[in-house]
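Visitor: Listed here are the chains, written in short residue letters.
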Amino acid sequence: MLKALIKTRLQMAWQAAFTIGGRRKNRRLMQALIVVLMVYAAISLAVMFGMFFSSLVQPFSQTGLDWFYFALAGVSAFALCFVSSIFMAQPLLFQARDNDLLLSMPIPPGMILFSRMAVLLFFNFLITLMVLAPAAIAWAVRVPMRFTGWAYFALVCLALPFMAVALSSLLGWGLAVISVRLRRKSLVITLLSILLMLGYLALISRMNVILARLVQQGRQIADAFERVLFPAYHLGKAIAEGNGISFLILLLCALAPFAIVWLVLQRSFISIATSNRGAVRTAYVERPLKSSSPVRALIMKELRLFFQNPMYMLNSGFGLIFMLALPIVLLVQPDLLAPILSQYDIPSHLIGLVAAGVMCLLASTVLISAPSIALEGKSLWIAQSLPVSAGQVLLSKAYAHMAVCLPVVLVSGLALGLVLRLPALYVLFSVLLPSLVAALMGLIGVFVNLKMPKFDWNTPTEAVKQSASVIVTMVIGFLVVALPAALFILALANTLSPTLFLALYALALLMLGGAARYRLKYKSARDFLALGG
Amino acid sequence: MLDISHLTKTYGDKKAVDGLSIHIKPGEIYGFIGHNGAGKTTTIKACCGILQFDAGEITISGHSIKMEPLACKRLLAYIPDNPDLYEFMTGIKYLNFIADIFQIPRETRQERIRSFADMFELTDDLAQMVSAYSHGMKQKLAVISALIHEPRLLIMDEPFTGLDPKASFTLKQMMRSICNEGGAVFFSTHVLEVAEKLCDKVAIIRRGKLVKSGTMEAVRGDESLEEVFLELEENHA
Numbered sequence: 001m002l003k004a005l006i007k008t009r010l011q012m013a014w015q016a017a018f019t020i021g022g023r024r025k026n027r028r029l030m031q032a033l034i035v036v037l038m039v040y041a042a043i044s045l046a047v048m049f050g051m052f053f054s055s056l057v058q059p060f061s062q063t064g065l066d067w068f069y070f071a072l073a074g075v076s077a078f079a080l081c082f083v084s085s086i087f088m089a090q091p092l093l094f095q096a097r098d099n100d101l102l103l104s105m106p107i108p109p110g111m112i113l114f115s116r117m118a119v120l121l122f123f124n125f126l127i128t129l130m131v132l133a134p135a136a137i138a139w140a141v142r143v144p145m146r147f148t149g150w151a152y153f154a155l156v157c158l159a160l161p162f163m164a165v166a167l168s169s170l171l172g173w174g175l176a177v178i179s180v181r182l183r184r185k186s187l188v189i190t191l192l193s194i195l196l197m198l199g200y201l202a203l204i205s206r207m208n209v210i211l212a213r214l215v216q217q218g219r220q221i222a223d224a225f226e227r228v229l230f231p232a233y234h235l236g237k238a239i240a241e242g243n244g245i246s247f248l249i250l251l252l253c254a255l256a257p258f259a260i261v262w263l264v265l266q267r268s269f270i271s272i273a274t275s276n277r278g279a280v281r282t283a284y285v286e287r288p289l290k291s292s293s294p295v296r297a298l299i300m301k302e303l304r305l306f307f308q309n310p311m312y313m314l315n316s317g318f319g320l321i322f323m324l325a326l327p328i329v330l331l332v333q334p335d336l337l338a339p340i341l342s343q344y345d346i347p348s349h350l351i352g353l354v355a356a357g358v359m360c361l362l363a364s365t366v367l368i369s370a371p372s373i374a375l376e377g378k379s380l381w382i383a384q385s386l387p388v389s390a391g392q393v394l395l396s397k398a399y400a401h402m403a404v405c406l407p408v409v410l411v412s413g414l415a416l417g418l419v420l421r422l423p424a425l426y427v428l429f430s431v432l433l434p435s436l437v438a439a440l441m442g443l444i445g446v447f448v449n450l451k452m453p454k455f456d457w458n459t460p461t462e463a464v465k466q467s468a469s470v471i472v473t474m475v476i477g478f479l480v481v482a483l484p485a486a487l488f489i490l491a492l493a494n495t496l497s498p499t500l501f502l503a504l505y506a507l508a509l510l511m512l513g514g515a516a517r518y519r520l521k522y523k524s525a526r527d528f529l530a531l532g533g
Numbered sequence: 001m002l003d004i005s006h007l008t009k010t011y012g013d014k015k016a017v018d019g020l021s022i023h024i025k026p027g028e029i030y031g032f033i034g035h036n037g038a039g040k041t042t043t044i045k046a047c048c049g050i051l052q053f054d055a056g057e058i059t060i061s062g063h064s065i066k067m068e069p070l071a072c073k074r075l076l077a078y079i080p081d082n083p084d085l086y087e088f089m090t091g092i093k094y095l096n097f098i099a100d101i102f103q104i105p106r107e108t109r110q111e112r113i114r115s116f117a118d119m120f121e122l123t124d125d126l127a128q129m130v131s132a133y134s135h136g137m138k139q140k141l142a143v144i145s146a147l148i149h150e151p152r153l154l155i156m157d158e159p160f161t162g163l164d165p166k167a168s169f170t171l172k173q174m175m176r177s178i179c180n181e182g183g184a185v186f187f188s189t190h191v192l193e194v195a196e197k198l199c200d201k202v203a204i205i206r207r208g209k210l211v212k213s214g215t216m217e218a219v220r221g222d223e224s225l226e227e228v229f230l231e232l233e234e235n236h237a
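Going line by line, the protein sequences match chains H and R. Counted from 1, the first sequence has number 389 at position 389 by our numbering; the numbering is strictly sequential. Counted from 1, the second sequence has number 133 at position 133 by our numbering; the numbering is strictly sequential.
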């Protein structure tokens with residue numbers, strides 16, 4: 001029974017990522033593209049961790065801190081697992097659409113819960129591998145590693161996810177409990193998630209400093225690790241020294257919390273999973289209703305959907321948080337910029353160009369419209385049966401994307417211009433170009449989702465995080481910014497002035513956006529109606 | 001009011017609806033009966049312009065659903081068998097959204113929402129999120145949202161499923177009221193007693209083809225509708 005449940009969950013995750021509509025030939029091509037992208041992303045992450053850890057091999061091996069090296073890798077893997085799965089835990093464990101169906105069957109609630117935690121374990125195992133494998137390889141290249149070391153490394157990879165899942169499930173449970181009781185739960189969950197994410201990002205942004213401190217004060221930090229983070233200490237000892245006792249301690253530290261969390265959560269699983277999601281009752285008091293045009297009503301509906309769902313906000317709009325944070329970080333830490341510019345040999349007169357480019361890149365990562373059709377789910381019939389054209393429905397999704405992005409782009413672009421003391425023309429470009437990129441991404445997201453809709457998601461998070469349309473839109477967004485940038489750097493830097501290049505880029509974005517808008521407005525009715533079968 | 005002529009819809013190799021023709025006049029409550037998978041929902045969705053069909057024509061008050069979908073949709077209201085509404089809205093926001101789409105004046109929408117919500121006993125729950133509604137409450141909200149723009153044609157797929165007896169009664173009254181004012185109602189049902197008591201005309205569909213249609217008396221004769229339906233099922237098996 002448990003095997004069947006886990007298999008079904010994994011199939012759902014697989015389908016969420018790889019099920020694509022359209023013609024068979026195109027479908028295969030897109031599936032292949034998604035596989036390539038996922039492999040590319042995994043390899044990029046692994047290479048990043050590999051580079052980070054390879055710089056630590058020599059200082060740690062020379063000072064006899066072999067265990068600390070692996071302990072550090074373990075902590076990094078744990079942190080990434082935790083951050084990745086905390087956003088997934090609450091909807092996956094408690095908000096799945098098949099809760100009622102499964103609970104009506106003769107399946108113990110604990111087993112349903114375990115099957116969902118097992119899926120988290122699976123994903124965390126993959127993340128652990130992406131961090132620990134490059135760390136181990138970087139070590140083995142310079143320092144011989146015994147067979148027992150490799151064996152314990154494999155066992156640690158299997159054990160570590162239990163610890164991360166225990167913690168993320170516990171926090172997911174906490175969020176679910178809060179959700180039931182809170183009136184403004186979306187806001188609270190979003191703020192908590194943003195704080196957590198910003199903490200992680202602050203850690204990542206200080207990686208160079210951390211790295212330097214680790215190399216300089218390795219011994220002291222290792223001692224602190226040994227005292228405070230003893231599971232990490234034993235993880236390091238298990239791999240570095242092939243220490244069986246240490247591995248057993250680590251295993252206990254991983255399995256015991258997992259078992260306790262599972263036991264605690266299964267007691268309240270039914271009450272949380274079946275709790276009425278809008279249970280905080282509000283008395284209806286009749287007030288004068290506001291009226292608006294059909295298109296405005298459609299846009300407001302999209303915005304409501306976006307702001308009601310913290311997972312949607314965080315996963316699709318994360319670039320906006322970076323965008324707002326960028327001028328603040330540069331204001332607080334003005335010294336941050338100089339080393340980056342010198343590292344990449346960027347002359348100071350091109351700082352405006354770089355600022356506009358970074359803003360465009362951030363705007364391209366906002367993917368609010370990419371899952372917007374899929375999120376209609378079973379309520380798609382409403383938009384299809386109302387007296388509004390397919391173009392109005394589709395464009396309203398793109399306009400909602402723009403309505404969220406453009407104010408942030410404006411504030412951030414102006415603030416960046418002030419902080420960096422950019423000339424007026426570059427301030428204009430720092431606002432105009434990311435606005436155009438954001439508008440284009442809004443239109444492209446809808447277009448891609450129309451071609452790759454996915455309505456049979458189990459939780460909205462699947463549509464937001466794992467659907468093919470989101471991945472494809474993300475890649476298109478990257479290309480929209482990276483290709484012109486590469487073209488300028490490699491071929492046009494000597495022939496075109498930066499401002500002329502930016503003006504031409506703005507024109508190109510405008511034309512692309514116009515074409516995408518025309519297509520959505522006038523040529524997508526057939527595809528939109530075909531969504532219903 | 002609603003003319004379905006030679007409607008054909010194919011899913012892969014299977015003809016879900018095969019040359020179906022039904023004509024519904026103003027003032028008629030028209031029942032649509034058939035076994036599961038007979039093609040009722042496909043026909044209804046095609047009539048509402050949410051499903052493309054392969055052949056045939058559907059017109060509403062002379063407007064083709066293919067050529068003038070928006071003109072048709074302004075005249076009709078659709079209630080699906082499963083009321084999957086926008087769960088991220090409150091009941092009142094959902095109704096106001098529908099009113100915005102149909103451009104109902106502010107005072108009128110306020111009055112209609114008040115009146116229908118009272119009628120269907122949903123007023124106290126209008127501030128709740130739709131996600132907190134029971135199936136029956138969602139069905140009531142779907143019904144109110146369908147009535148809010150005073151449709152000329154009401155198309156419903158199994159409308160009484162999930163409604164409590166009082167709400168069912170109110171809906172039946174509303175159906176009759178729409179017809180009395182020159183509109184029409186087209187709905188599918190499995191409850192033959194409801195069709196027998198409520199409908200002026202019925203159409204019985206089997207495997208996508210119309211097997212019998214006409215006034216209740218003509219279809220039923222001296223038998224009950226249930227007997228006629230079962231006989232037709234056996235004859236065409």
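Warning: the hint list may mix true and false statements.
To list a few chain H residues with every Cβ distance to chain R over 12 Å, as calculated [said to hold, decoys possible]:
| hint | residue |
| --- | --- |
| 1 | 57 |
| 2 | 110 |
| 3 | 146 |
| 4 | 212 |
| 5 | 226 |
| 6 | 289 |
| 7 | 293 |
| 8 | 298 |
| 9 | 334 |
| 10 | 354 |
| 11 | 377 |
| 12 | 388 |
| 13 | 389 |
| 14 | 403 |
| 15 | 489 |
| 16 | 510 |
Which bits of chain R does chain H cover? Going by a derived footprint, with three or more residues having C-beta under 8 Å, they are [said to hold, decoys possible]:
| hint | segment |
| --- | --- |
| 17 | 40-52 |
| 18 | 78-88 |
| 19 | 115-128 |
| 20 | 179-191 |
Don't read these hints as lab results, they were simulated from the structure. Just so we're clear, the structure is a prediction, and the values are computed from it rather than from any experiment. Using N, Cα and C, we set each Cβ at its ideal position, and we do this for glycine too.
Visitor: For every hint, state whether the structure bears it out.
Guide: Checked hints:
no.	hint	result
1	57	holds, 50 Å
2	110	holds, 26 Å
3	146	holds, 56 Å
4	212	holds, 47 Å
5	226	holds, 49 Å
6	289	violated, 5 Å
7	293	violated, 7 Å
8	298	violated, 8 Å
9	334	holds, 42 Å
10	354	holds, 39 Å
11	377	violated, 7 Å
12	388	violated, 6 Å
13	389	violated, 6 Å
14	403	holds, 16 Å
15	489	holds, 44 Å
16	510	holds, 30 Å
17	40-52	holds (count 6)
18	78-88	holds (count 8)
19	115-128	holds (count 6)
20	179-191	violated (count 0)
When the structure is compared with the earlier hints, violations turn up for hints 6, 7, 8, 11, 12, 13, 20 and for no others.
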